[in-house]
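Trainee: Residue strings, one per chain:
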Amino acid sequence: MNSPGFFETFGFGPDGWGAALAVGAVMTVLIAVCGFAIGAVIGIFGAWAKISGGPVARAAAGTYTTVLRGIPDLLVIYLFYFGGSAVISAAGRLFGNEGFISFPGFLAGALAVGVTSGAQHTEVFRGAFRAVHPGEIEAAVACGMSRMLRFRRIVAPLTLRHALPGLGNVWQVVLKESALVSITGVVELLRQSQIGAGSTGRPFDFYVVAAALYLAISTVSGLALQLAEKHSRRGTGRAS
Amino acid sequence: MNLVFMWETFLELIAAVPTTLRLAVTAVGLGAVLALLLALCRTSGLRILDWPARFYIYVFRGSPLLVQIFLIYYGLSQFPEVRHSAVWPILREPYWCAVIALMMNTAAYSGEIIRGGLLSVPQGQIEAARACGMSRFLAFRRIVLPLAIRQALPGYGNEMISMVKATSLASIITIMEITGVAARIISDTYRAIEVFLVAGAIYLAINFVLTRCVAFLEYRLSGHLRQPLPTRPRVTGDSP
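Heads up: the sequence lines are chains A and B, in that order.
Sequential numbering from 1 applies to the first sequence in full-length UniProt numbering.
Sequential numbering from 1 applies to the second sequence in full-length UniProt numbering.
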């Protein structure tokens, strides 16, 4: 055996892939965080439309969640990646730039992940808002709080508390979905592993390490979310 | 929007529907068997069965499906032992690799769904079956499993839908199912939006039919929970 050992290949030495994979893992987390944030913003508006929107807004939000939960994420990524390139190229032609301009993969990926997770965020926020006791809002009204103040001080914190477990689930889905962004050529964890597998001829080792890193990220963030959940529930008694 | 182009795309994509369905049906069917085994291990109360099942579920739910597909399709070919073994004709085929990865992935998720169903069967039902003199196996087959399936059906329906969506990942390892064909048309024509609309509509239609089927099955299996329909008392012959 003259091929380097497992720890040499995945270490941080001169021939090691450790540093590259670590950068890839950071990229994965970045994509996931951006996608999650975009999804959260969409989800807040979606939930707002579903709860107190007019018939048109409600129908639009309903169509959005139904459609996005029924079609594959990969298709959405293709839409943003190729569709984005087509739109940018068309815009470029207006300014006299003949030729193809490719849409940045990171942006396409984060947008696609955001739009797909936005449907789940919408449902999580809607459910969480329903769990807020009407009495709390009535009490805020009785105290003379304005709409905005009521939202900031009462509705938002309470909704967030009820939404946290659901948001944790969405985060885990988003994290795994971010692996699909590798098809756009963004060098995140999976793409980096593909590159490593290709140049060393050891695909199994690389994908096992990638899977382990994904597991590590999801486990650590899962624990952090559990702590956050516990923190948000301090002071509330549990019925037993 | 070019309707002629969309119609041509539709005809091409509809020809790929059987591949998608075959992937989904095979993966869900084989996955159900594995899921039942996992659920039985988890509920057995024996640590030697419980822990491996827990670990399996943790690993397969915590890492992205795409990594699992790559691990099976590209990863296993790293070992000469695999390449020269009797299973190589199967593991060489992208189709079977995709089926195996999808099956192992869905088993992890649906194993937990079935476990929830098994745990929801009231103790009294099992005691009653045992009191009737049924053996443990007979009681499981006739009482526990049907009740568990009824209870797990809504969650299992969701899992089936996510499997239909997950078959799109098979396109990344060269299988020409709906998303694969769609990606090819997009990269040939750069008309991402039109192709996306058509492909998305086909996926939505498949998932719509699937949800209707599951809802119908749920309705059929919950006859005992419904209010009996008001029927006229049947008149039989001459009353005494």
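Read the hints as simulated data drawn from the structure, not as lab findings.
Some hints here could point you the wrong way.
Said to hold, decoys possible - Covered stretches of chain B, as calculated for chain A (at least 3 residues, CB under 8 Å): (1) 72 to 78; (2) 169 to 176; (3) 202 to 211.
Stated by the list, open to error - Quick list of the computed label-pair ranges, beta carbon to beta carbon: (4) Leu11/B x Arg93/A: 29 to 37 Å; (5) Glu12/B x Arg93/A: 23 to 31 Å; (6) Phe55/B x Ala91/A: 22 to 30 Å; (7) Arg147/A x Ser120/B: 40 to 48 Å; (8) Val29/A x Gly124/B: 36 to 44 Å; (9) Met148/A x Gly124/B: 50 to 58 Å; (10) Ala19/A x Gly124/B: 53 to 61 Å.
In this text, a Cβ means the ideal position worked out from N, Cα and C, and glycines have one as well.
Trainee: If a hint holds in the structure, say so; if it does not, say that too.
Mentor: Okay, the hints, checked on the actual structure:
For a cut-off of 8 Å, the count of residues in the segment 72 to 78 of chain B with a CB near a CB of chain A stands at 5, and the three-residue condition holds. Under a criterion of three residues with beta carbons nearer than 8 Å to beta carbons of chain A, the stated coverage of the segment 169 to 176 of chain B is upheld, 3 such residues being counted. Three residues within the 8 Å Cβ limit are the bar, and the segment 202 to 211 of chain B against chain A gives 4, so the coverage statement holds. For the pair Leu11/B and Arg93/A, the supplied restraint of 29 to 37 Å holds, since their beta-carbon distance comes to about 30 Å.
Checked against the hint of 23 to 31 Å, the pair Glu12/B and Arg93/A passes, with Cβ atoms roughly 28 Å apart. At roughly 51 Å, the beta carbons of Phe55/B and Ala91/A sit outside the given window of 22 to 30 Å. Hint check: Arg147/A to Ser120/B, Cβ distance near 43 Å, so the stated range 40 to 48 Å holds. A hinted range of 36 to 44 Å for the beta carbons of Val29/A and Gly124/B is inconsistent with their spacing of about 49 Å.
For Met148/A and Gly124/B, the hinted distance range of 50 to 58 Å is satisfied, since their beta carbons lie about 54 Å from each other. Between Ala19/A and Gly124/B the Cβ separation comes to about 60 Å, which falls inside the hinted range of 53 to 61 Å.
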